[in-house]
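**Q** Residues per chain, in single letters:
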Amino acid sequence: MTTPTQQSAHTTQAASHDAVRQSTFARVPGAFKLQFSPSVTLISVPIMVFVGVWFLAAGIGAWIHHTAGTRVAAEDPIYTGASQAALWCLVFMAAYAASHTFPFSMALSYSRRTFMLGVLLAFGLVSLSFGAAFSLAAWVEQLTDGFGIHFYTYDLPYITQGDGGIVAGGALAAIVCLVLMLFGFFWAILYRRAGLFGLWIVILGFAVVGLVATMLIFQNDGWPVIWEWLIEQSALSLTGWLVIPTALLALLNYGVIRRATPA
Amino acid sequence: MNATNAPAAIEVTGMSRRYGRATALEDVSVSFAKDQIHGLLGRNGAGKTTLMSIIAAQDWPTKGEVKVLGHTPHENEQVLPKICFVREDQRYPDDALARHAFRAASAAFAKWDWDYAQRLIADFRVPEKTKLKKMSRGQKSAVAVIIGLASRAEVTFFDEPYMGLDAVARQVFYDRLLEDYAAHPRTVILSSHLIDEIAHLIENVVLIDSGRVILDEPVEALRDRAITLVGRADAVAEMTAGREVLSDETMGRISRTTVLGGLTDHQMKRVQELDLDLQPVSLQQLIVRLTNRHSKNEHRHDVPRDQGEGEK
Chain W
306 MTTPTQQSAH
316 TTQAASHDAV
326 RQSTFARVPG
336 AFKLQFSPSV
346 TLISVPIMVF
356 VGVWFLAAGI
366 GAWIHHTAGT
376 RVAAEDPIYT
386 GASQAALWCL
396 VFMAAYAASH
406 TFPFSMALSY
416 SRRTFMLGVL
426 LAFGLVSLSF
436 GAAFSLAAWV
446 EQLTDGFGIH
456 FYTYDLPYIT
466 QGDGGIVAGG
476 ALAAIVCLVL
486 MLFGFFWAIL
496 YRRAGLFGLW
506 IVILGFAVVG
516 LVATMLIFQN
526 DGWPVIWEWL
536 IEQSALSLTG
546 WLVIPTALLA
556 LLNYGVIRRA
566 TPA
Chain F
43 MNATNAPAAI
53 EVTGMSRRYG
63 RATALEDVSV
73 SFAKDQIHGL
83 LGRNGAGKTT
93 LMSIIAAQDW
103 PTKGEVKVLG
113 HTPHENEQVL
123 PKICFVREDQ
133 RYPDDALARH
143 AFRAASAAFA
153 KWDWDYAQRL
163 IADFRVPEKT
173 KLKKMSRGQK
183 SAVAVIIGLA
193 SRAEVTFFDE
203 PYMGLDAVAR
213 QVFYDRLLED
223 YAAHPRTVIL
233 SSHLIDEIAH
243 LIENVVLIDS
253 GRVILDEPVE
263 ALRDRAITLV
273 GRADAVAEMT
283 AGREVLSDET
293 MGRISRTTVL
303 GGLTDHQMKR
313 VQELDLDLQP
323 VSLQQLIVRL
333 TNRHSKNEHR
343 HDVPRDQGEG
353 EK
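Which chain is which? The protein sequence lines are W and F, in order.
Sequential numbering from 306 applies to the first sequence in the numbering used here.
Sequential numbering from 43 applies to the second sequence in the numbering used here.
No lab work stands behind these hints, which were simulated from the structure alone.
Because the structure is a prediction, the values reported are computed rather than measured.
Be aware that one or more of the hints could be misleading.
Okay, derived cross-link-like pairs now, DSBU-like style, lysine-lysine, Cα gap no bigger than 30 Å in a straight line [unchecked claim]: (1) Lys338(W) <-> Lys311(F); (2) Lys338(F) <-> Lys338(W); (3) Lys105(F) <-> Lys76(F); (4) Lys338(W) <-> Lys171(F); (5) Lys105(F) <-> Lys338(W); (6) Lys153(F) <-> Lys171(F); (7) Lys338(W) <-> Lys153(F); (8) Lys76(F) <-> Lys171(F); (9) Lys338(F) <-> Lys311(F).
Facing chain F, a subset of chain W residues (Cβ under 7 Å, in silico) [what the hints assert, rightly or not]: (10) Lys338; (11) Ser342; (12) Ser344; (13) Ile348; (14) Ser349; (15) Thr406; (16) Pro408; (17) Phe409; (18) Met411; (19) Ser414; (20) Ser416; (21) Arg418; (22) Gly560; (23) Ala565; (24) Pro567.
A short list of chain W residues far from chain F (calculated; beta carbon distances all over 10 Å) [said to hold, decoys possible]: (25) Ala331; (26) Val345; (27) Ile506; (28) Leu553.
Note that CB positions come from ideal geometry on N, CA and C, so glycine has one too.
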């Protein structure tokens, strides 16, 4: 696959340095593809977990329905939290991108910015796919009345049964997925940057901030207000709100990776 | 001290790198001429990998400046695609096979040559179905060497490339490097502590010890820097008197002494008259001795006479 350009590379090499200014974003597609090579981490394993857990949950549901002989399914629907499994799997895979793919990207001479843009695009695509799969699964559950036994893993009241229905639910699932992936990435890249000691200092810092915030809310009787606010939200409005932490985490990650070393 | 007038591909000026209290590099000033093969030599822990990491923008200096092809490389997409540095202990994604790594490299380096990469894969017998993580030391080195060669990056580093490679594979590497360098001249930096094995490849030597550049010279000039005289002890002593002795072995009446500096025509004549045997000093011997001398001088808080530009 030697191109004519390569053949004559050495003759034009002297001039090539200052020749064409390459776009700063020219290699972002390469950095994006890097996240899916090999495809096990961000594609095969999450799909396996998503589908596997769904069937497992449905199996348990069938067993419960069969055992509790008196259950009237339509009056007593069962909702599970199994939809989280694929999310947690993706959190680990995102951390993995920071611990393993980042050092390899350095050998490929990607700037940290290019690598981070590739990561954001890849995580964005994975999150959208997760959201779409979530909607699709919720739709299947709606159509089949929870596999005929009103057993739901994805079609959940708060998420897919509000304004906007399963599409809004999918959007929420997608943004939650993106926030969590960036969060997982953050801890792994922080470890690369600051080492074990630095990592624990930040964890303790977070704990202190969380504790103080909780105490302040408690002192000012803020909990009812927060609950009320949360209940008022729809899947769509929550999706909107979550754009803020997504953007903050993306910036924070870039700030950390700028001075992270591969070894 | 670089005698060649070729423009510099890499210029490092007054650069130091500290990790907490440890100093990895101290006030390093060195330049690597464009389109030459350089040997970056030094003992383990001398600072070779740190220097390469900083030039390749995988790390950054605490103080001082680094320019690659005229640009500061850190976060600079104008120059980074022209640099290739696969570390000796390179980390790859766990489940990656060699082809994943090569495919990623082909996307990252504009001049990547797939045909050439395929030939190298066959030459080095890189296994297709073994995960990089499970590969032997030598197989991993081969993957790194193939990325370095096939990427045809204008500035390419090879970090102890022979690690774990068998004799055949090492020869394949040296042959392929020279062939490809002839066809596509570029700036190559070979880090190594097996000096004699790469001596015939390199045009310029940069020697670092304890984070300082102690030598930066063309190999040709270096070979004339020292001589070994073998013969009758008194005759050898006559010729070496007043010179800096790098090594001295005496067996009975026969002496074998290595001293710094070349010989004048007059001295050459005298060597013949005294029936002394004049032997060239191997690069490895010279480097080892210069490094030892540097360490001793360091110990005495003395400054070595022929230091690199980086030293004050």
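**Q** Does each hint fit the structure? Answer for all of them.
**A** Evaluated hints:
Between Lys338(W) and Lys311(F), the direct Cα distance comes to roughly 69 Å. Violation of the 30 Å bound is thereby established for this hinted pair. Distance hint between Lys338(F) and Lys338(W) is unfulfilled; the C-alpha atoms sit about 52 Å from each other, more than 30 Å. Restraint check: the Cα-Cα separation between Lys105(F) and Lys76(F) comes to about 24 Å, which is no more than 30 Å; the hinted pair holds. At most 30 Å may separate the alpha-carbon atoms for a hinted pair to count; Lys338(W) and Lys171(F) meet this at roughly 21 Å.
Distance hint between Lys105(F) and Lys338(W) is unfulfilled; the C-alpha atoms sit about 35 Å from each other, more than 30 Å. Between Lys153(F) and Lys171(F) the CA atoms are separated by roughly 26 Å; this keeps the pair inside 30 Å, and the hint holds. Between Lys338(W) and Lys153(F) the alpha-carbon distance is near 18 Å, which keeps this suggested pair within the 30 Å criterion. Distance hint between Lys76(F) and Lys171(F) is unfulfilled; the C-alpha atoms sit about 38 Å from each other, more than 30 Å.
Proximity of Lys338(F) to Lys311(F) is assessed by CA-CA distance (about 34 Å); at most 30 Å being required, the pair is judged violated. Interface restraint check: Lys338(W) against chain F, minimum CB-CB distance 6 Å, threshold 7 Å, status holds. Against a cut-off of 7 Å between C-beta atoms, the interface hint on Ser342(W) holds, since the closest Cβ of chain F lies about 5 Å away. Checking Ser344(W) against chain F by beta carbon gives a least distance of about 9 Å; that is not within 7 Å, so the hint is violated.
A least Cβ separation of about 12 Å between Ile348(W) and chain F goes past the 7 Å threshold, and the interface hint is therefore violated. Interface hint status for Ser349(W): violated, as the beta-carbon distance to the closest one in chain F is roughly 9 Å, over 7 Å. Nearest Cβ of chain F to the Cβ of Thr406(W): about 6 Å, under the 7 Å cut. The hint holds. For Pro408(W), the suggested interface contact is upheld, since its CB lies about 4 Å from the closest CB of chain F, less than 7 Å.
Because the closest C-beta pair between Phe409(W) and chain F is about 5 Å apart, less than 7 Å, the hint holds. Look at Met411(W): its Cβ gets to within about 5 Å of chain F, closer than 7 Å, so that hint holds up. Using the Cβ-Cβ criterion of 7 Å, the hint placing Ser414(W) at the interface with chain F is satisfied: the shortest such distance is roughly 4 Å. Annotation: interface hint on Ser416(W) holds; nearest CB of chain F at approximately 5 Å, less than 7 Å.
Taken as an interface hint, Arg418(W) checks out: its beta carbon lies about 6 Å from the nearest beta carbon of chain F, inside 7 Å. Of the supplied interface hints, the one on Gly560(W) is violated, with its beta-carbon coming no nearer than about 13 Å to a beta-carbon of chain F, more than 7 Å. Nearest Cβ of chain F to the Cβ of Ala565(W): about 10 Å, over the 7 Å cut. The hint is violated. About 5 Å separates the beta-carbon of Pro567(W) from the nearest beta-carbon of chain F, less than 7 Å, and the hint is met.
Its beta-carbon lying about 7 Å from the closest one in chain F, Ala331(W) breaks the requirement of being farther than 10 Å from that chain. At roughly 5 Å from the closest C-beta of chain F, the C-beta of Val345(W) falls inside 10 Å, breaking its exclusion from the interface. With a least CB separation of 15 Å from chain F, Ile506(W) remains clear of the 10 Å interface cut-off, as annotated. Interface exclusion of Leu553(W) from chain F stands, the closest Cβ pair being 21 Å apart, more than 10 Å.
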